[in-house]
Structures are given as C-alpha cells and as structure tokens.
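Colleague: All chains should be built: construct the whole structure from the sequences, respecting the hints.
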Amino acid sequence: MSTAANSIKEKQMKIDNKVKEIANLKRRCFVTDGIISPEDYLNSKKKILWLGREPHDNCSYDYKQDINKKLVEGNLKGSRYFNPMRYILFSSENGYIRSSKIIKLAQRSSSDTNEKITNLLKKVAFINCSKITGKSAIKDWNKWERNCELFKGIVAEQIKIADPDVIICLGTLQYLNENGYLDGYEILKKSYRNYYKKDKKLIIDCYHLSFWGITQAKYINDIISVLKKEYETGY
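Mapping to this note's numbering: the sequence shown position 127 is 344, numbers consecutive.
Hint data in this document are derived by calculation from the structure and do not stem from the laboratory.
Worth double-checking, as some hints may not be accurate.
Claimed, not checked - FRET-style restraints, in silico, Cβ to Cβ:
(1) 297 x 333: 13 to 21 angstroms
(2) 285 x 238: 19 to 27 angstroms
(3) 449 x 243: 44 to 52 angstroms
(4) 391 x 315: 25 to 33 angstroms
(5) 411 x 354: 21 to 29 angstroms
(6) 241 x 449: 44 to 52 angstroms
To be verified - Calculated lysine to aspartate or glutamate pairs in the EDC-like style (CA-CA distance at most 20 angstroms, straight line):
(7) 407 x 449
(8) 377 x 257
(9) 417 x 439
(10) 377 x 400
(11) 414 x 439
(12) 418 x 382
(13) 226 x 374
(14) 235 x 374
(15) 333 x 290
(16) 237 x 283
(17) 237 x 274
(18) 417 x 449
(19) 356 x 274
(20) 417 x 447
(21) 414 x 380
(22) 445 x 382
(23) 286 x 257
We put the beta carbon where it would ideally sit given N, CA and C, even for glycine.
Modeller: Rendered as structure tokens:
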C-alpha cells in the first residue's frame, strides 16, 4: 500500500472511532463509511464521492468492510443500488461511454470485463451526512438534521480527506449549500436539476440511488453526460 493510501486508511480509522463515540453516547446504531479502498480510489482517473443522507439498517457495522467482503464473495452483482456507482466509474475510465454499452458488457457474466466493472466499487467513496441508522424513508426531517449536526465536523473531514473531483449528491444538495460547500460554484443545467462547477471540481445534484421515478439508464446517462461535457471542455 502506498504512503498516501496508508495515510487515508489511518485517518479513516480515527474517524470511525469518533463516529462510534458519538453514536454510543446517543445509544444508537450507526454505520461508519468513507473510501472503500484508498489505494484503488487514489488510482481513479476521476475521484468520485457519493453523498447520501443516512444509512438504513438495524445494526451497527462498517460500510467499507462490508463492501469489500461482499466483493470477495461475489454478492454485489446486478444490484440496482450499486450498479450506477460502478457503471459511472467504468464510463469515466473508458471514454465516457453510455449506459447501454456498459450494461451489455456487464451482462456477460463470464467475462473479465464484468468482473472489472464489479470490482470498480473499490474505487468508490460513499459518505452519509448522518451516521445514525434510520428507516427506509426519512419521516422526521428535524431529527435527521439534528443527527447531521452531530457529524458535521466528521463529514467535513471526510470530504477533505477524499478530495474528490466529483461529488454526487443523493438528495443532499441542500446540506452542502447550508454548510457553505457551494460557495463560488457556477450553476449549470443538466437533464434534470442542476450541477455546479468551480475550477476542476463538480457537484452534481441527483435523485437517491433507490429512487424509482427514473430509469437506471437515464439516471446513469445524466451523470455521464455532465462528466463528458466537462471533460471535453478541459475538465
């Protein structure tokens, strides 16, 4: 492991301990998150961070370890939740090809390409604004905001460590706006909602990964189109 990757790993361990301390004081279940595999993340052509609201589980665990374990066991193939993450990473590293071509490649279950697409999840950074577990849908937004406040400093530290080229907001744009992350960003249009650009950094406003009001192909192509457009103009 490189020095830079090892440094991220050590910083994430300290952050995980902070999350546990806060959650234990509240006597609540929690999920620690962050960069799945620092070495792979640092070797990405484009470092992409997905920003969610909160984990939806009934127990405490480490998201990073869980993903790595499931990748080894082959339990993450064909997942609606994880497909956009790996397909967009594959596209960003292969000329920003559209989702239809990626899906055809991924459906060849015996191919080396499919295995490479699956393992791209190692390059993912995934962070929730609140680390306290909730139900499948947030009903008490005031409670969620209070939980976010508990971890605001930790999330800021995680984003700083990840130093992403792209942040994909899964219904969390308002969180970034309220905490000053959008300051100085140019607002630009995409197929639905907006995206934001500052120097070489992008923030893309999207639906949650589990949202059924848009096809997976449209969801993926919306993000790919933004990345391709900015790449062609010098991003």
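Colleague: Hint by hint, say whether it matches the structure.
Modeller: Against the structure, the hints come out as follows:
no., hint, result
1, 297 x 333: 13 to 21 angstroms, "20 angstroms, holds"
2, 285 x 238: 19 to 27 angstroms, "24 angstroms, holds"
3, 449 x 243: 44 to 52 angstroms, "47 angstroms, holds"
4, 391 x 315: 25 to 33 angstroms, "29 angstroms, holds"
5, 411 x 354: 21 to 29 angstroms, "24 angstroms, holds"
6, 241 x 449: 44 to 52 angstroms, "49 angstroms, holds"
7, 407 x 449, "15 angstroms, holds"
8, 377 x 257, "18 angstroms, holds"
9, 417 x 439, "19 angstroms, holds"
10, 377 x 400, "16 angstroms, holds"
11, 414 x 439, "16 angstroms, holds"
12, 418 x 382, "5 angstroms, holds"
13, 226 x 374, "13 angstroms, holds"
14, 235 x 374, "11 angstroms, holds"
15, 333 x 290, "15 angstroms, holds"
16, 237 x 283, "17 angstroms, holds"
17, 237 x 274, "15 angstroms, holds"
18, 417 x 449, "13 angstroms, holds"
19, 356 x 274, "15 angstroms, holds"
20, 417 x 447, "9 angstroms, holds"
21, 414 x 380, "15 angstroms, holds"
22, 445 x 382, "14 angstroms, holds"
23, 286 x 257, "16 angstroms, holds"
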